[in-house]
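Going by the numbering used here, the letters in the sequence shown line up with residues 1 to 453, in that order.
If you are wondering where the hints come from, they were derived from the structure by calculation, not from laboratory data. Glycine included, each C-beta is placed from N, C-alpha and C at the ideal position. Some clues are possibly wrong.
[As the list claims (entries may be wrong)] Each computed EDC-like pair below joins lysine to aspartate or glutamate, with the alpha-carbon atoms no more than 20 Å apart:
#, residue 1, residue 2
1, K144, E173
2, K144, E182
3, K257, E373
4, K412, E83
5, K257, D230
6, K412, D307
7, K412, D323
8, K412, D78
9, K257, E303
10, K257, D307
11, K144, D376
12, K257, E182
13, K144, D196
[Claimed, not checked] Simulated restraints, written as ranges between beta carbons of each label pair:
#, residue 1, residue 2, range
14, Q40, D9, 17 to 27 Å
15, D417, E384, 36 to 46 Å
16, Q252, L111, 28 to 38 Å
17, A45, G20, 18 to 28 Å
18, Q40, A200, 52 to 62 Å
19, G20, D56, 14 to 24 Å
20, R406, A5, 43 to 53 Å
21, I322, E165, 14 to 24 Å
22, D56, A5, 26 to 36 Å
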Amino acid sequence: MTNGANHFDRIFVAQRVITGGREQAAAVGVRDGCIAAVEQGDAPADWSGERIELADDEVLLPGMVDTHVHVNEPGRTDWEGFESATSAALTGGTTTLLDMPLNSLPPTTTLEALHIKMDAARGQCRMDVGFWGGAVPGNIEDLKPLHEAGVFGFKCFLIDSGVPEFPPLSRDELIAYLQRLEPLGALMIVHAEDPDVIAAAPQLGGRRYSDFVASRPDQSEVSAIATVIDAVRRTGARAHILHLSSAAALPQLRAAKAEGLPITVETCPHYLTFAAETIRDGSTAHKCCPPIRSAANQAQLWEALQDGTIDIIVSDHSPCTIDLKQLETGDLGTAWGGVASVEVALRAVWSGARERGIDLAQVVAWMSTRPAEIVDLTDRGAIEVGRRADLVAFAPRDSVVIDAQRLLHKNKLSAYDGVTLYGAARRVWLGGQDCSTDAAEGQFVARGAGTAD
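Generate the whole structure from the sequences, applying the supplied hints.
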């Protein structure tokens, strides 16, 4: 007779499993979509259930948790959409994504707008999806209803966002909004560039990439992040710095963390992969804000990840239509800023990590475990008992030359086109269901690992 406690829907067995913060041989028992048991080595003899053995060159990882994705639906579905974005993310080994409150129409700045977005996404998501709210001038009374509806926090800009329906907060507004969020325990995520610094910088225009970098100098990030740190110190509210590009801001972030301020920091694969010196003039596929900076700057970002100053790596997938990238003119002044990277994020980060002797366990911490912790998705992000069985069979030695035309996001343009990257998500399971053969479907998730309506 089979002991029910030792019967599982599926049993994953691999010589290489990232669990407990390290790589080891293990068996993982999955029941009702969750990890019910983890045993070092092979599965015990009394375990029963469908057995899935990974190949010798595969590593079992938890699915990546990408907390920074612009899906753009509804309203700008010619840019991207839930079906295409989640398909691309899943192919790359991501099993949970959080959608930014812009560039959809309407932006997710009211409870009504959140419901409109959820209606647009319903039935289209191939993986789990959650939502950020937006913080813009005039919507301070909307923060609590959105928080109670389960958004993961609120995004604000300190500079023009690029779309008129999502204006920036002033310094005083930032403090007022943080004061409102602090008793809720809600997180404010901040696009931190200083408009005054950028206004005083050389004006952007033309094809030269060096001119683009000069138009958004390091000091714009340094100054804006100082504003955020001061606001957090005044209010005690939690804040998260989005897409850190400039290493010049690292000393003040280290000091803020040493002070015990509740500040977390992210960077992105493109800042860790590309360097300004090697980006050709007119390459609008590489335009993003803040910009990709020098190789020396990049090296400091990697160091800051390793010492914990930077907490996580997320894609900041920000696609647009091909025409908005101004491919014919290569004008970096008028081209839309954003890198489409949700499908290649894990590969890109692993490629950079392996060059530096950084192991997969650390990459998983940066791209799955720690992002889940920061946004209070405590039911995923690690291969541990009680977590969701969102799993990836990852082949770290596989390599591929990226072909933008074969990527699954809607508009086939990529800064990674022609770049050789390592690693492949050969198989993905969502809640223990094989995404290639089973009828695995994503669900809406809310803060605190709940399921949203």
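Okay, the hints, checked on the actual structure:
1. Restraint check for K144 and E173: the C-alpha separation of about 16 Å stays at or below 20 Å, so the hint holds.
2. Proposed proximity of K144 and E182 is supported: the alpha carbons are some 11 Å apart, at most 20 Å.
3. Restraint check for K257 and E373: the C-alpha separation of about 17 Å stays at or below 20 Å, so the hint holds.
4. Using a Cα cut-off of 20 Å, the hinted pair K412 and E83 holds, with the two alpha carbons roughly 15 Å apart.
5. Of the pairs offered as hints, the one joining K257 and D230 holds, with about 13 Å between alpha carbons and a cut-off of 20 Å not exceeded.
6. Restraint check: the Cα-Cα separation between K412 and D307 comes to about 36 Å, which exceeds 20 Å; the hinted pair is violated.
7. Taking the CA atoms of K412 and D323, the gap is about 12 Å. The hint holds against a cut of 20 Å.
8. Only pairs whose Cα atoms come within 20 Å are accepted, and K412 paired with D78 is accepted, the gap being roughly 12 Å.
9. For the hint pairing K257 with E303, the CA-to-CA distance comes to about 16 Å; that is within 20 Å, so the pair holds.
10. For the hint pairing K257 with D307, the CA-to-CA distance comes to about 12 Å; that is within 20 Å, so the pair holds.
11. Taking the CA atoms of K144 and D376, the gap is about 17 Å. The hint holds against a cut of 20 Å.
12. Proximity of K257 to E182 is assessed by CA-CA distance (about 18 Å); at most 20 Å being required, the pair is judged to hold.
13. Taken as a hint, the K144 and D196 pair is broken in the structure, with Cα atoms around 31 Å apart against an allowance of 20 Å.
14. The given range of 17 to 27 Å is respected by Q40 and D9, whose C-beta atoms sit roughly 21 Å from each other.
15. For the pair D417 and E384, the beta carbons lie near 37 Å from each other, so the given range of 36 to 46 Å is met.
16. Checked against the hint of 28 to 38 Å, the C-beta distance between Q252 and L111 comes to roughly 36 Å, which is consistent with it.
17. For the pair A45 and G20, the beta carbons lie near 23 Å from each other, so the given range of 18 to 28 Å is met.
18. Judged by the Cβ atoms, the range 52 to 62 Å given for Q40 and A200 holds: they are separated by roughly 59 Å.
19. Separated by about 21 Å at the C-beta atoms, G20 and D56 satisfy the suggested range of 14 to 24 Å.
20. Separation of R406 from A5 is about 45 Å and conforms to the stated range, judged on CB atoms against 43 to 53 Å.
21. At about 23 Å, the CB distance of I322 to E165 agrees with the hint of 14 to 24 Å.
22. Between D56 and A5 the C-beta distance comes to about 30 Å, which sits within the given range of 26 to 36 Å.
Going through the hint list in order, the structure does not satisfy hints 6, 13.
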